[in-house]
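Asker: If you want the building blocks of each chain, they are given just below.
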Amino acid sequence: MKRMFLAIFVIVACGMILAGPAVNATGKPVKLGFVYIMSGPFATYGQFAKRGAELAIDEINKQDGILGRKVVAFFEDSTGKPDVAARAFRKLVYQENVDCLIGLDSSGVAKSVVPLMNEMKTPLIITHAATPDVTGKVCNKYTFRISVNLAQNVKAAALIASETKAKTWTTVGPDYAFGHQSWEYFQKYLKELKPDVEFMPDDKVAFAPIKTTDFSPYITKIMHAKPEGVLISLWGGNLIDFVRQASEMGFFSGKWEVLMTLGAATEVLYALKDKMPEGIWVGTRYWFLGNDSPVNVAFREAYFKRFSEYPSYNAHGAYAAVQAYKAAAEKAQSTDKEAIVKALEGLKIELPVGTVVIRAEDHQALTPATWGRTAADPKYPIRVLNPIRTFPAEKVTPPVDKTGCEMH
Amino acid sequence: MDTFAINLLNGLCWGMLLFLISVGLTTVFGVMGVLNFAHGSLFMLGAYVAMQIMEWIPNFWIGLIIGPVVVAGLGIFIEVFLLRPVYRRDVTFQLLLTFAVLLVLDDAVRLIWGPAYHIVDPPPLLSGTISFFDQSYPLYRLFLLCFGPVVGLSLWFFFQKTRWGKVIRAAALDREMAEGVGIQVPRLFTLVFALGTWLAALGGALSAPYQSIGPSLGEKIIIESFIVVVVGGLGSFPGAFIGAIALGLLESFGTMFAGRVQMALPYLLLIVVLLFRPRGIFGKEV
Amino acid sequence: MVHQKIGRILEYPFSGLIVFLVLGLFVPLVIPTYWVMVVTEILIMGLFATSFNLLFGYCGLLSFGQAGFFGVGAYVTALLLSKGVGSYILICIASITATLIAAYFIGYLCVRRDEIFFAMLSLGFGMMLFTIAHNWREVTGGSDGLPLSTVPPVDLGFSKISLFHPLHGYYFVLAFVFVGLCILQVVVHSHFGLMLKASRENKERLAFSGGNVASVRLVAFLMAGGLSGLAGMLFCIFNRMATPDMLHWSFSAKPVLMTILGGAEVFWGPFVGAVIFFVLEQLVTNITENWMFVLGLLLIPIVLFFPRGILGTVLNLMKSSGRGSHGQ
Amino acid sequence: MASENILEVRNVTHRYGDFIALKDVTITVPEERLTALIGPNGAGKTTFYNVVSGKYRPSRGSIIFNGVNVTGYSPHKLSLMGLSRSFQITNIFHELTVIENVMIPIALHEGKGFYFWTKYRKDRHLFNEAMKVLSLVGLEDVYARVTRELSYGDRRLVEIAIVLAGKPQLVLLDEPTAGMTPEETEKMVHLIKNLATTTETTFFFTEHDMNVVFSVAEYIYVLHQGELLAQGKPEDIRADPKVREAYLGGSLDT
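Protein chains in written order, with this note's numbering: chain S, 2 to 409; chain V, 3 to 288; chain B, 359 to 686; chain C, 12 to 265.
One or more hints might be untrue.
If you want the footprint, here are the derived chain V segments under chain S, 3+ residues with CB under 8 Å [to be verified]:
no., segment
1, 25 to 36
2, 174 to 184
As a list, the in silico SDA-like pairs of lysine to any residue whose alpha-carbon atoms are at most 20 Å apart [said to hold, decoys possible]:
no., chain 1, residue 1, chain 2, residue 2
3, V, 168, V, 128
4, S, 212, V, 258
5, C, 66, B, 470
6, B, 612, C, 123
7, S, 205, S, 274
8, B, 561, B, 471
9, S, 306, S, 328
10, C, 123, B, 573
11, B, 677, C, 120
12, B, 561, C, 143
13, C, 143, C, 156
14, S, 274, V, 125
15, S, 138, B, 441
16, C, 88, B, 572
17, B, 561, C, 120
18, S, 195, S, 210
19, S, 205, V, 262
20, B, 441, B, 525
21, C, 123, B, 677
22, S, 212, V, 263
23, B, 561, C, 255
24, S, 205, V, 125
25, S, 142, S, 292
26, S, 276, V, 124
Keep in mind that the hints were calculated from the coordinates and are not lab data. Cβ atoms here follow ideal geometry from the backbone N, Cα and C, with glycine treated the same way.
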């Protein structure tokens, strides 16, 4: 892979030298190391991230590089396992001597490997994993997150839920930390916003193991619990299976409000197409039609041109991380790791998702959270969001003292 | 009461799908003594190939018929070139070899069809729902519920009543004797493996309108089908049937009462059965 | 001929340990930092595979739940470290003791089964342990596991050594792995080791010769479990984490793969298998993203043409070419 | 009287499901007398041995070994008490060397089964004891060979060596000459007679070859369809019409 990328890079570089606007090729290249799930069940997330990263790097190299230096990418496969991800980090840091680490899909993996940054003394920008803990309980000096975290996404869900008439809520989620945390945070936030809501007890909520393919027992359970609102934190293949089976069983008949925290992920919408029911509240970490700022339009169109698909949030995450690194390097006028860490703290940057500030205290990006109702639109092959609700960062991000982050 | 009925239905449907997957595994083990780790991957391949054919020729039934046959062809290749040399070796070598096949197939599927999820629609005839205790229930699931026993019974008929079935059973009992009376055991084994593969792929093709197709389909199912086969008794059809239904019901009712323990239920079933019936429910005690 | 001589030297029981120690001490000094860390991992997984092979190669019991014990060792270590326990001796004793307790209960129920039934039963129990680690959120941290923000330095009395330095971490692991391998090496050549082989060869004959097959197997199960727990402890310290993945059946498949790759019939087979596995993985992932595909394609000929695993087949070739004046 | 009987099997019945393999069988074996158990195929001889040696627990009845009621004892316990047996189908450690085959029972009987830190190959005492046993059966020259490589007859001898290795008081031999060539059979017969006189071990054997039975046994029990048909000295048995009938004539005289 690495060689292939190098080869492509060399060809591209040669082409550009011949074409005219020469890249300032002085100095060593800037090395960025990416760790995503490239194989197995969740390989689709790694693939998206890689597309986003390559898009950003090509754009940067086509202009002036970073501080006049070319950018080189190294991709490693985490396979979704913490020990493999740790090994990938070691390889990138000790063997390839990368300047910055970018990546991580699984929250469990992220939480486990984040402490290693203290030893590797290399900045890490997380672009997908959403556990609040990496910018909370286990936060550290070198770890940043550019993407929406669980708390931000669920806070937005609670805001929407508080506007609905639903009073009794339950959940369907994956049976691991993400699902349980989504439910906990949702209960906490919604209770604050609307004290008279009720949440169903443990025997009326459903958590399905991640390997589940038949969701019918869970669907039955929730339907018979007769809630007024359901928070669904399933994602990826699980969500696709759930939505199909649930619509056949009449789950989306409008008897209750449905909020899907990751329902607007494009990989889900592309797989389901018109099987995705209309009028459901769905959230995502980035929505390609979320705004019409020049940055977003340029990103959306470049991505579509190159990959004939609309960008997923994971592609956006990797793209954003590369851009953030560039901005930090330019702010610091250096690629020194400590300097980058300093520069990333409080960095303000225009990203396709909107204007984002990386909070200095916990290294979480203050990024808007996007939700919307699913709707058909003849212009797009997939369901789109209409209306779109964009919640500004300050409304959904927990204050620093609530994150549990103690940076030293 | 209606919760109970719906859960019963859910469990039976899932059990039937598990049965379709496991029955090939148990056939191959019963006759050839090979535990096929790649069985789940062949199941997955069945789903993908059927999907591909349905894309070319938009008819569910054609995909259902041709897809498994194509995969069975691959099964013949695997048996002749890979398994045949290791029959005399320890069972662990067969496990490792089929594990290698699993690695190749799982990645090959991703290379061919990409890592994204795919879905397949049920045929128009079966795409509706019927009402059930004021809840709608998909027709396709009920179709599966009927199809499982049909497959089980035809296999049982094949093995018990037809000449070919009897020959295969004889070869399974005593290979040397079968060779002595002029049965070409290697060719027979190829056939049986092709049958097992066909069954796996048929299960995959049938599951396509039921669950999304992705590169992890095989991995998700293989351990559960091992559990079904061992719980039922290795090589036993009725065993695979009972084991699959038991697991299906356990998982569907488990969501109602088990809470946190739910993830462990299949393994709990496995342990309890093996502790009290060391050879599985229908296994022959030695 | 030279290779005959090498073959004979390798048969001498403790020459393997000496070669191991010499290589183990000096190799990390000449390889790059990243590879030092890869070799550290090889040491840990090598110990894991070798302890697994005490059951598989010597008793003929295919344990598909060995990762459960590996995980118990890792979790006990992580719990103690996160509670601020700084003594590695204490941690070592605690994690091995916990593993032995788990192995005793599971082993007691498993050792009376054979072949695939033993494999499936051990798989079932391993997955029960996995479920506990995955779902007992209050203690085990649930699916996230227990990340360790730091590991304490090793107190040698005269000085404190930080494990953050890759080489220090390496030698720390080497010391434990060496002790573990010494124990295994001594055991397989002991009177008890003979009983293990007897139980694999013919458990009925062993019983009618006065051997309690279940006890022999149970003791082996405890030893394999305890040393897997030790490997788990090292893995936790090395990776600064304990996660449920470490108990999953797919993790149990690793020592199986390594052992068959290297050869189950020779003591060093699993270790050599671990080396081959990691080196292959590193090489393959360097070249292609589709490492599963390539690894599978490489495995097939190995299984077909190396019936005794790579080390086993090579040693066998050396021996048979050195036949003639063969004696014990 | 009772104390001189090394084995007393009292009213033993054994059934597999509905099939009654042994029905109310009572057999006593006095010390140091070569006793034989005969009967046509399917008479229940092997079941009887399996019950006595602890492989199966009898459905009813009791087994007294050396004055101790050992009904339901496990095989390894009986072996350690001095009851040893061979099998009709050679039952040895095929992949181990000849001497290791013999070392295993000796080490177990010396209580070394759970010695973890001592090397068995360096145990001179164990080696010498094993060689002594091998010399009894005449296998001392092939001690280092892997048993799989030996001839069939030699492998049967390895089993005899294993059986003798624990210095048992009673040895049950299940068809010791099964499958042997005439020369091998003769060698085995000679060996058994010789062992019976030179050691203090009591032998109790089953045999299909009537020549062997009548030339070796001092006392004979006849099983037929799970029941005890007759017992007595060889000449009495030879003359017994019931026994002749059970064997359908013929084979008694061959």
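Asker: Starting from residue 306 of chain S, check that the Cα of residue 328 of chain S is at most 20 Å away, please.
Answerer: violated, 25 Å
Asker: Quickly compare the C-alpha distance for residue 66 of chain C and residue 470 of chain B to 20 Å and report which way the hint goes.
Answerer: holds, 15 Å
Asker: CA of residue 561 of chain B to CA of residue 255 of chain C, is that 20 Å or under?
Answerer: Violated: residue 561 of chain B and residue 255 of chain C sit about 39 Å apart, past 20 Å.
Asker: Within 20 Å, alpha carbon to alpha carbon, are residue 168 of chain V and residue 128 of chain V?
Answerer: This hinted pair is violated, its Cα atoms lying about 36 Å apart.
Asker: Given the hinted pair residue 195 of chain S and residue 210 of chain S, is their Cα-Cα distance within 20 Å?
Answerer: Violated - the C-alpha atoms of residue 210 of chain S and residue 195 of chain S are around 31 Å apart, more than 20 Å.
Asker: Taking only the CA atoms, is the gap from residue 677 of chain B to residue 120 of chain C under or equal to 20 Å?
Answerer: The hint is violated at about 34 Å.
Asker: For a C-alpha distance cap of 20 Å, please report whether residue 561 of chain B and residue 471 of chain B respect it.
Answerer: holds, 12 Å
Asker: Please work out if residue 612 of chain B and residue 123 of chain C have their alpha carbons no farther apart than 20 Å.
Answerer: Given pair residue 612 of chain B, residue 123 of chain C is violated - Cα atoms ~34 Å apart, limit 20 Å.
Asker: Would you check the hint for residue 274 of chain S and residue 125 of chain V, treating anything up to 20 Å between C-alpha atoms as holding?
Answerer: Judged against 20 Å, a Cα distance of about 18 Å means the pair holds.
Asker: Does the structure keep residue 205 of chain S and residue 274 of chain S at a Cα separation of 20 Å or less?
Answerer: violated, 30 Å
Asker: Sort out whether residue 258 of chain V lies within 20 Å of residue 212 of chain S, counting only the CA atoms.
Answerer: Cα-Cα ~18 Å, so holds.
Asker: Holds or violated: residue 123 of chain C and residue 677 of chain B, Cα atoms, limit 20 Å.
Answerer: violated, 31 Å
Of the numbered hints stated above, those contradicted by the structure are hints 1, 2, 3, 6, 7, 9, 11, 12, 18, 20, 21, 23, 24 and 25, listed in ascending order.
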